[in-house]
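Letter 377 of the sequence shown, counting from 1, is numbered 1745 in the working numbering, and no numbers are missing.
Please note that a few of the clues may not be correct.
Said to hold, decoys possible - Distance condition first, Cα-Cα at most 16 Å in a straight line; then the derived EDC-like pairs of lysine to aspartate or glutamate:
id : residue 1 : residue 2
1  : Lys-1746  : Asp-1760
2  : Lys-1746  : Asp-1757
3  : Lys-1685  : Asp-1760
4  : Lys-1642  : Asp-1779
5  : Lys-1501  : Asp-1484
6  : Lys-1844  : Glu-1834
7  : Lys-1663  : Asp-1484
8  : Lys-1720  : Asp-1760
9  : Lys-1593  : Asp-1484
10 : Lys-1685  : Asp-1791
11 : Lys-1774  : Asp-1800
Claimed, not checked - Estimated spans, in silico, between C-beta atoms of each pair:
id : residue 1 : residue 2 : range
12 : Arg-1839  : Asp-1638  : 20 to 26 Å
13 : Lys-1593  : Asp-1744  : 46 to 52 Å
14 : Asn-1718  : Lys-1844  : 55 to 61 Å
15 : Glu-1531  : Pro-1489  : 18 to 24 Å
For the record, the hints were derived by calculation from the structure and aren't laboratory data.
Cβ coordinates follow ideal geometry from the N, Cα and C atoms, glycine included.
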Amino acid sequence: MSTPTTALPTTSPHGPRRRLQALSAAAVVGLALTLCTTTAPAQATELVPQTDAEAEQFLDDRAAEDPSALDRESVPEGISVEQAKKAVEKTDELTPADVEYAAAQEDLPASGVPGDFYETPDSLPSEDGTVLKQADSEFYLDPVKLIKHDAKSTVFMYKTTDEKGQARAATATLLTPNGASGHAEDAVVISPGTQGVADKCAPSRQLGMGTEYEGISVASALAAKHPVVVVDYMGLGTEGTHHFVNRIEEGRSVLDAARAVQQVDGSEIDEGTKLQLRGYSQGGHATTAALELQKEWAPELNIASASAGAVPVDLHKTVSGLSSVYTAFALYGVVGFAEQADIDTNDFLNEKGQKMVAETADKCTVEALLSTAFTDGKSLTKNGESFTDIIDEHFTDIVDRQRLGKAAVPDVPLLVNHSRLDDVISFDQGKDLASAWCRAGHKVAFEDNLGPTHVGGYVAALPRIETFTTRTFSGKASLDSCWRL
1369 MSTPTTALPT TSPHGPRRRL QALSAAAVVG LALTLCTTTA PAQATELVPQ TDAEAEQFLD
1429 DRAAEDPSAL DRESVPEGIS VEQAKKAVEK TDELTPADVE YAAAQEDLPA SGVPGDFYET
1489 PDSLPSEDGT VLKQADSEFY LDPVKLIKHD AKSTVFMYKT TDEKGQARAA TATLLTPNGA
1549 SGHAEDAVVI SPGTQGVADK CAPSRQLGMG TEYEGISVAS ALAAKHPVVV VDYMGLGTEG
1609 THHFVNRIEE GRSVLDAARA VQQVDGSEID EGTKLQLRGY SQGGHATTAA LELQKEWAPE
1669 LNIASASAGA VPVDLHKTVS GLSSVYTAFA LYGVVGFAEQ ADIDTNDFLN EKGQKMVAET
1729 ADKCTVEALL STAFTDGKSL TKNGESFTDI IDEHFTDIVD RQRLGKAAVP DVPLLVNHSR
1789 LDDVISFDQG KDLASAWCRA GHKVAFEDNL GPTHVGGYVA ALPRIETFTT RTFSGKASLD
1849 SCWRL
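Produce the complete structure using the sequences and hints provided.
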């Protein structure tokens, strides 16, 4: 298991300028929405460049910042003024704000979760969903200003089992709204969207640094006074590999976290608490997987409803439709498939591909997307094959095992949301999932929206999700869209 290390940030000589000039305005806004998790869409567009000219001016303004202006008050504790000045002088792409951000990343883990918390105990119990340990943690809304949410935050480790039947330790975070006391009538279990594959990308780590983009969904649920559980998934933060979009391991991670949280000291969630499973993108895949596995794996859980957004039902179709803006997602997937199939990536990736895989494996989602944007997958393979060709040749069985929408799910209110302008997961996949559940006799609310890009659809769906959550927790009937699907 890797241990997170931090240092003053570094950048490539040509990085941000080239990337901002290359990215379209829509892609930049989408990535900014991922970063600016507490900012509404209209406000977010004011914070990022909308044109190439604005992007150039943005970088020129940054380059003009004078490192000599740094003083003790502008450099956080733990970083000397001399260190900060040297770091800023190394490149015109690094500013005092960058130094503050890096120092925040370094300081927060030390004041929150102990560094050795994520180490797997020497032995694991036989029962899945058993709590192994817990620690107080923190939830920050902003990586620079460090606005701390007043929810009580606890990270906990629990036992689960991977697809091969091996015992694994996984982690999750419990957040309890300020002022809550006594038995929790209901709670929301959030399966996060794509985080990356490195340990440092685990949501429980990023929540404490203000860099977790799921913070917007967490804050939304907390504002409605629901306790929230945020799942890390196997291999994110903890020992072992995180297998990206692995149906069994994602689903079990979610279900066992929902079991384990009932044993956490200070938790108000128990076996009678009504649970809503919620997720978007990879989180929608995990939420749907958990629904499909629940009857067999955790039938005792009191699942009251579920919300699944932008679900990659068919991974083959998803990878085939990815533009080069999202090459990082394809790399996460193909490398994960290779590990599960016990195939060496040297068999199909060239030297450039191997290098990019190694670099991307240590980056969380936003950084990985920026560093690989507009890289043609064919330039990374030995024979100029596309990633779709690689999957067809090596990983068809593995991809087919991750297919959703064919297994039975609990008879509870279901919400499927998807933007018609989604540029990562095609809109028809969400509609097809909702239709499949309707044909199986379920009551399904299908909510489409016009949120720009994949991330815009996530933000646009939140108000409807909270309305759905409130109604289903109170026992009121939810909208049934099956008549029009």
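* Broken hints, by number -> 7, 8, 9
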